[in-house]
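Enquirer: From first to last, the protein sequence lines stand for chains A and B. For the first sequence, the numbering used here puts the final residue at 75, and the numbers step up evenly by one. For the second sequence, the numbering used here puts the final residue at 714, and the numbers step up evenly by one.
Think of the hints as simulated: they come from the structure by calculation, not from any bench. Check each hint, because a few of them may be wrong.
[Stated by the list, open to error] As a list, the in silico EDC-like pairs of lysine to aspartate or glutamate whose alpha-carbon atoms are at most 16 angstroms apart: (1) B:K203 x B:E338; (2) B:K115 x B:D154; (3) A:K41 x B:E556; (4) A:K41 x A:E13; (5) A:K20 x B:D316; (6) A:K20 x A:E74.
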Amino acid sequence: MLLVEAEDDKEYKVIGFKGGKGILHKLLQLGFVPGDQVKVLRRAPLGGPVLVEVNGRMIAIGRGVAEKIHVEE
Amino acid sequence: MRCVLVGQPNSGKSTLFNQVAGYKAHTGNFSGTSVTYTESKVRVTGEVMDLVDLPGTYTLAGSNPAERETLKYLGSHHVDVIVNVIDASHLAQGLELTLEILDLGYPTVVALNMMDEAARYGMRIDGLKLQELIGAPVLPLIASKGRGIRNLFVTAQRFGEKQIIPPRPMYEPTIERAIQDIVQGLDGRRHTLNPQALAIKLIEADADNLDDNLKKMEIDSPDLLERIGRLQSEIRDLRGQDPIWVLSAERHVMAANLVRQVVELGNRQISWRDRLDNFLLHPFWGYLLLVTILLLFFEVIYGVGSALECPLLTVFNSLESTLIGLIGSETFIAGIVSGILQGVAGGVAIVLPYLVPFLLGLGFLEDIGYLPRVAFMMDALMHRIGLHGKAVVPFILGYGCNVPAVMSTRMLEDRRDRFLAATLATLVPCAARLAVVFGLVAFYLGPRIALGIYLFNLLTIAITGRLISAMLPEETPGLILEMPVYRMPTFRTMIQKAWFRAKEFVVEAWPILIVGSVVLAVLNYLDFADYLNILVRPFTWLLGLPGKTGVPLIFGILRKELSLIMLRQALGVADFSAALTHAQMISFTVFVVFYIPCLATLAVLRRELGYRAMLVISGLTVIIATIAALVARGFAWFFL
Chain A
3 MLLVEAEDDK EYKVIGFKGG KGILHKLLQL GFVPGDQVKV LRRAPLGGPV LVEVNGRMIA
63 IGRGVAEKIH VEE
Chain B
75 MRCVLVGQPN SGKSTLFNQV AGYKAHTGNF SGTSVTYTES KVRVTGEVMD LVDLPGTYTL
135 AGSNPAERET LKYLGSHHVD VIVNVIDASH LAQGLELTLE ILDLGYPTVV ALNMMDEAAR
195 YGMRIDGLKL QELIGAPVLP LIASKGRGIR NLFVTAQRFG EKQIIPPRPM YEPTIERAIQ
255 DIVQGLDGRR HTLNPQALAI KLIEADADNL DDNLKKMEID SPDLLERIGR LQSEIRDLRG
315 QDPIWVLSAE RHVMAANLVR QVVELGNRQI SWRDRLDNFL LHPFWGYLLL VTILLLFFEV
375 IYGVGSALEC PLLTVFNSLE STLIGLIGSE TFIAGIVSGI LQGVAGGVAI VLPYLVPFLL
435 GLGFLEDIGY LPRVAFMMDA LMHRIGLHGK AVVPFILGYG CNVPAVMSTR MLEDRRDRFL
495 AATLATLVPC AARLAVVFGL VAFYLGPRIA LGIYLFNLLT IAITGRLISA MLPEETPGLI
555 LEMPVYRMPT FRTMIQKAWF RAKEFVVEAW PILIVGSVVL AVLNYLDFAD YLNILVRPFT
615 WLLGLPGKTG VPLIFGILRK ELSLIMLRQA LGVADFSAAL THAQMISFTV FVVFYIPCLA
675 TLAVLRRELG YRAMLVISGL TVIIATIAAL VARGFAWFFL
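The following block holds chain A by itself, in its conformation from the complex:
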């Protein structure tokens, strides 16, 4: 499933990313790597970004980017 569809406050495992090099790079830099646990903390209203926690770090991810991240339970 996609990260945007994930439920709040529940642990998921990152499987992979689709999308351009730029996005991939930025995510990997922030320590967002396939195999890591990710949790959605909150969402901004009106199709805004999701706020996730990965490895104890909070990262805001725009809706468009969150649609390119695959996760599983």
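Mind docking chain B on chain A? Use the hints.
Expert: Just chain B, lined up with the frame of chain A:
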């Protein structure tokens, strides 16, 4: 002895630097980018050492210019020792960069900063064990409180002097074989990096422009190029990913293993920092607080700025009239003197009183960690005009002064985003344009119409954003932004940050402002007013304005509020309603709000985006201003 600070953003690197270097720091600038590093001579251990603060970076093999600076710096300067600053509360990510630094083969000292914050998270870190595992000294540090600094630099000095180089991390056999293979292929060719480090960077290099990169390093050899290409595709076939990701994934795993061995997790203390987001990012209260905080922010800046502006302007005006009285008006010298004074006054009395409190306030919001929250909340809205959340900052700044607004666009990753955000930010009515809106429209037509102009401005910005982003080929890359924990900024870093930013205005834009003032004063002396009016006549005619409004409009490019001050002179009336109809006031004001940014802003645009972009943006603003003023004219004709 040259010591370089390397660390991830928010690791406290600059705090450490400021603690040691104080106000002696000066900024340098890499050519072609606006990313700065800071260098200063410091004396911590009794001996003088050159301390360099490189921009924060998550990785050395980055795609954006800021991230490549560390490698670029190491490639072009002699470095004795690297001090790697890590945020101990985010140890795993920090260690990934550490492993990458250890690859480079420099004497390295690791500083575990923010040990207090890690303790709050319930982390107990065994520094000695980490030191044993990575083979480089690991020292505790609380930079914000000045603890552990001396010890850190004494160790760095010793390791730099003796050139003690820690071992580099070992990768999986396939990678190690590839490294050896390239080292052989390098065949003793020299580079600032040692052969093994160079080999690793070459394996990670982007296959598409490897050729250029090798040429830049002056190790151009078809055999080596072929060899690297072959090894890269071997790794790709075996691991299913580009080598750069294979290596970063290996470092990720290594770092996680290190953390498992050295960190003991206890209970996390919940503090106000954890609860704050429940309010500040709340879908309702968060926005209400955002508006309140921003209003307060502007209220304070406007209050401080205007309290300083009036007395300062009075001083300059009386100085000017005294000097002119001495020289005698109507002389050429008097024209030049008043030009210089106007330029100096523009900086001292009009820009700096707003700019300095602005930069202080901005630094505060930034350091405490609120700006990323604003970006988070405004992301959805910013996407509608073709940008993402981070671009909200230039807009907020624009209401105070366009100069810092344009400067702040440099934090956007993409040139496309920087261009679009800068263009739109120059359309935001700054404090000087507020003076025109208030002095003309609010005074003669009432505050409601003035508010209407502000709303019309927002609408125009939104439409312009949509139109320009539809014309630009790429899309905005989307928001990916770390949300730092809330931190109380230190007074010292706030002052320093504001000083560095204010200095850019003083050095870059102010001289242009002064020269421009003199040129216009000379033109005025030579009685060019009529020619200037003819030059602008197409616009004034189109907008139904008297021809005499041409000169005020031209002077407005110098300083926006001059278009109001000069208007009085040009029309020769004390009461504007005697010379202008209400419709004319509205179209004049709307035109002033949008057309060509002031000289200081133009100077910053040129610096941030280059000459061409500056000219394009100026042209665009004239078109937008004309259309907007025509619409306003039509509106006024219809309703008033």
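Enquirer: Decide, hint by hint, whether the structure agrees.
Expert: Checked hints:
no. : hint            : result
1   : B:K203 x B:E338 : holds (12 angstroms)
2   : B:K115 x B:D154 : holds (14 angstroms)
3   : A:K41 x B:E556  : holds (15 angstroms)
4   : A:K41 x A:E13   : holds (5 angstroms)
5   : A:K20 x B:D316  : holds (14 angstroms)
6   : A:K20 x A:E74   : holds (15 angstroms)
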